[in-house]
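Participant: Chains as they are written, first to last, in the UniProt record's numbering: chain Z, 1 to 383; chain V, 1 to 927.
Covered by chain Z, according to a simulated footprint, are these stretches of chain V (three or more residues, beta-carbon under 8 Å):
#1 824-834
#2 837-845
Examples of chain Z residues toward chain V, derived with CB under 10 Å:
#3 Thr26
#4 Gln57
#5 Gly292
Simulated from the structure, these hints should not be mistaken for laboratory data.
Backbone N, C-alpha and C define an ideal beta-carbon position, used for all residues, glycine too.
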Amino acid sequence: MNLLNGNKLIGWLLMLLVSSCVEPFTPEVLEAPNNYLVVNGFINVNGPTTIQLLRTQNLADEGLPPAEKNATVTIETDNGESYRLSETTNGIYEIENLNLNPTHKYRLFISTSKGKKYASDFVEVKQTPAIDEVTWKPVDREVQIYVSTHDSNNNSRYYRWNYESTWHFRSAFYTNLKYENGEVLFRDENDENIYDCWKTENSTTIELSNSIRLSQDVISNYKLLTLPYNSEKIAIKYSILVKQYALTPEAYKYWETLKKNTENIGTLFDPLPSQITSNIRCLSDPQEPVIGYISASTVQEKRIFIDSKELPKDWKTFAPVCYSDTMYLSRHSVVDYFKEGYNIPINGIYPQGSPFPIGYSYASKGCVDCTVWGTNVKPDFWE
Amino acid sequence: MAYFYRVFFSFFLLLWVSVASGYTQQLNEPLVTGNYSNASFKSFVQDLEAKTAYTFYFDPAAVDSITVDFSVNAKSLSQVLNQALQGTNLHFAISKQKQVFITKGRPILTSLPENFFDKGSAIVGEKQPQFAAEQYMPQQESRKKAASEIKLYEIGTSNSNKTGKANLAGTLRDAMSGEPIIGAYVYIESPAIGTASDQYGYYSLTLPLGRHELKIRGVGLKNSRRQIILNGDGRLDIEIEEDVRSLKEVLVEAEKDRNVSGLQMGMERLDIRTIKQVPTAFGETDILRVVLTLPGVKSVGEGSTGMNVRGGSTDQNLILLNNATIYNPSHLFGFFSAFNPDVLKSVELYKSAVPAKYGGRLSSVLEITAREGNKKQFTGSGGIGLLTSRLTLEGPIKKDKTSFLVGGRTTYSDWLLKQLPNKSFNNSEASFYDVNAHISHEINDKNSLYFTGYLSKDRFKLAADTLYRFRNQNASIKWKHNFHNQLYSVLTGTYSHYSYDISNEGNAVNAATLTFGIDQTGLQADFNYFPNAKHTVDFGASSILYQVSPGSLMPNNSESLIIPDEIQREKALESAVYISDRYDVSQRLSLSFGLRYSVFNALGPRDVFTYAPGVPKTETTMADTVSYGSGKTIATYHGPEFRFSARYGVADNSSVKLSYNRLRQYVHMLSNTASMSPTDTWKLSDSNIKPQVGDQVALGYYRNFRANTIEFSAEGYYKWMQDFLDYRSGASIIMNHHIETDVANAEGKAYGLELMLKKATGKLNGWVSYTYSRTLVRINDSSTSEIINRGEYYPGNFDKPHDFTLISNYRFSQRFSTSLNFTYNTGRPITLPLAKYYDGETQRILYSDRNQYRIPDYYRLDFAMNIEGNHKIQKLAHSSWTLAVYNLTGRKNPYSIYFKSENGKIRGYKMSIFGQPIPTITYNFKF
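Same shape as in the complex, but just chain Z (with noise of 0.2 Å):
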């Protein structure tokens, strides 16, 4: 062997140590269909209770995740009554406020339609107490929002929480005009705005707290979420919808569990995950995985606003970021510009005294058209 093959060996074994050989691993049981049911939502005592029942998809599945459609949902107490849920749409039954008796157990039963029957434990009632308050305040260039709340009788003690972000924000570009059957013309009233809008988003992450430790039920300023100075959301007016459950323990630690079982899977060194355990069972197969966790518990809510005028007049807000273009009438037909709708004019080019454009500068329809990311329609409780 001459030292030329041994350094290409040596780099060969060393590529083994950097690289090394990958290959796709797919075992067997990630390729066998499954699909567990997914159960999502609580019994809410003081509203309408709404829950959702999916199914869970192989890791490579692309398409959206399968609903369990024309099932029988009941809410049932431990004293034998019984409350069906109706679906509304694909995999969501839901049933109005049921005033339900606090001092009862409540447990959810599902039959499917293929006759599969799941049940969930029988669920104590937790009365969820008010939240005090949802403040925010400015921290080293982010917005920090905080959650405070306490139960007089320190009954409630571990606390999840939930969210919904609801904020305005503008186009790029403000127009003025539109592409109406070939040709260009200025907005009316009756055209839609679509400058301004509202975009709304569910908190993704599990928000959990508990005062154990302290001797009264008081939890003082939780951190629920941080927003960064630049971000979209606080540009203009920001809203957040705080919701506030009171959990059990065992509830907790479910929830607990699943935050800690992150989406952080992957490299070498990672922790293997551990697997959560549902209160929901199948009836006729116990050790079918069933997924979600069924509490009963009262809902409590509180909504706040930021306005971009409160926060700090250093920050530099989010300004988005678009870029225009010209399109000359000499050169070009509108109609090969605008009839597809991908393109959007702006303003109208007119040469000195005319009262004719000719040209247009224009924007794509993500820079004008605020629809493309939200809705146009202001809130019921935008203030």
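Fit chain V to the known structure of chain Z by using the hints.
Facilitator: The following block gives chain V in isolation, referenced to the frame of chain Z:
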């Protein structure tokens, strides 16, 4: 030069007492007349040689201080010499052949005892026979270096009692290098009494008085014997020659009989010669890799030297290099073992029946003994491989008294990386080195000192901006003191240090260095007492001070925005006393009882968190912080550790052994990955982390066939482990100020059956082993309310039920041998992401039960060829070539299975390292 030859000759004569010479001192001596005035001894002798027909033999160095200043007139030679040597330590002897021997300390004998050739009656005669040896060795207990097989050595002073027993002790040494011989058998056949030499080469036997033929057997040694007459307690140091032929084969002869007749079970001893036969991935002899081929020893994957012994986790092995604990036994994340094969002598692994002397780890003790260095002459050895080279030098500082050994090993992969045309390789670094130094010094017959130093360093940076550095530093000093034949003590001071740092320099803003370090300082005293033939008592005490820096994260430049963070240092003292007695009840039955009592004190200064009682320890249930001052005890744990083993000889060639042991472990490795990873840290027990406790019972059957050339052993074990640490879901181990919130106490059970068939000698040799074993873990911890897999037992990370290993060597000729090794085991368990689902609008992953699935099975075939140079004993350098192919079939065994989210899709990947046949070549030399 003439004097040199005379001296040499006289020395020669000391050993080979002239058979023909007679013991007559004053007969027919010439008369001397002379006048000496301040004459040197040399001139005095020259004058005497001129005046008489006698020839003088002496060591010039011994007499150079003597002057002769007297006159004599017609005195006999003896009288003259008496006068000249008066007041000195010199003695003389005059032989019939008109030779005069001047010796230091004692006169030599010039004739054999009268009835030397009348062996039968030698000890029954009425008249106390005057043996040569006795004259040679007067009352003072002095040592002999017995090198002759035919000479009769007389031990002890005779007394009239001829029916009792006496103790014989001494050290076995290699005649060439003067190094002690470990694990060789010293025995007599009738009655069958024997023992094995310990790690200092020391043996102690209680034998009936009288004449015996002492036999010595050992790995790579010529089978040897010594003739002794035992009159009373005494010492006999034995020098044995190496068996040169042993270059050619794996000899496991020291264990020849040990399998059946030794009391110890669950113990494997590997000699470095055996280890060198096994091919490895980089052509580098790797002791840990060979240990991993033994039944009951597993690892989570190749490229990781973390051992799992009988279902124990990787932190449950006490790895000792000359008594100092090694925390990280590997280089470059486990691709190389941290031990230079050239400086090692042997490796002992205790899987069960761990002697009471050892403690502090639950699963095993791996005792690595380095060589002492050649006491006779300067030698060296080394090897040149594709990735590493090593060189070892050794020799006497003072012949037969003091020797040194220095060994170094390094890799040139750094240089090679730079030669490669690939950019990312150019920017990579991968280097390590290790240095061993050893000095052994014999102060006198009763006292010896041993010093060992060890340093290993790693630097690893691969096409990335993260630099890993690891460091082991160890030192030990031992003082061995022989009180008398039956009692010796070893006082050992050790220091171990392990640290790593990981620096990220890619992005100035988050450039930081993460460091971890553990220091361990220990002092221990061990006593070995051999009161009589039936008992061997070991007792002692030890104390270890631990100091841990659990982690610090520091910005490593001024632009970095990393907030400096340091976890409080930890400190603890682990102390133990132990006593054990090995009792040979009869020829067939031996028992060993041991008790170790260990105490652990977690010490301040430290702030310790307390948690609300009865609820899981989490960040949100922290109740209070308690501050402890320096040296204040935070928590104390203590408990007895019982050790028991028994052997019953069913027949001459078969035996049954039984053992039970309990061990306690106070330090824990924190790792939430399945394999040993570079960021593993060690944690001391404290008020929130309990010590681990493990119990094991083992039962074995041992049988040798065909005159001990084939050994069969079957061992079954059952093991319980409590309170070892497992991570909780999503635990973070790095820079965690309250690790107790991220770990759970697990309990485990492990059981298995290990079968092994070993052929130690012959053209074809090696071993075949099959192990069936299970390791099950349960986490159902009320204090953390962490429940995994519904609180049921689930397979541990290294649960590999079936394991088959074949190690075979075939010797075609003295100079050419091959080895073929095969390994198969079940794939290790893995937790798989089974499906994805939406929780509202968030996509989440559904995981299987922990460790519910397995990665593909592992198998590998390796082949190696050894070509030796010629076997002339005298030549400049002995050399050999090793050609090896690792993973001959190129099977892509999975090293790691992982899942990544790519473009919203989760895909599984299998990473194999060594997924192709890897040829290597190594040149070894010895001079």
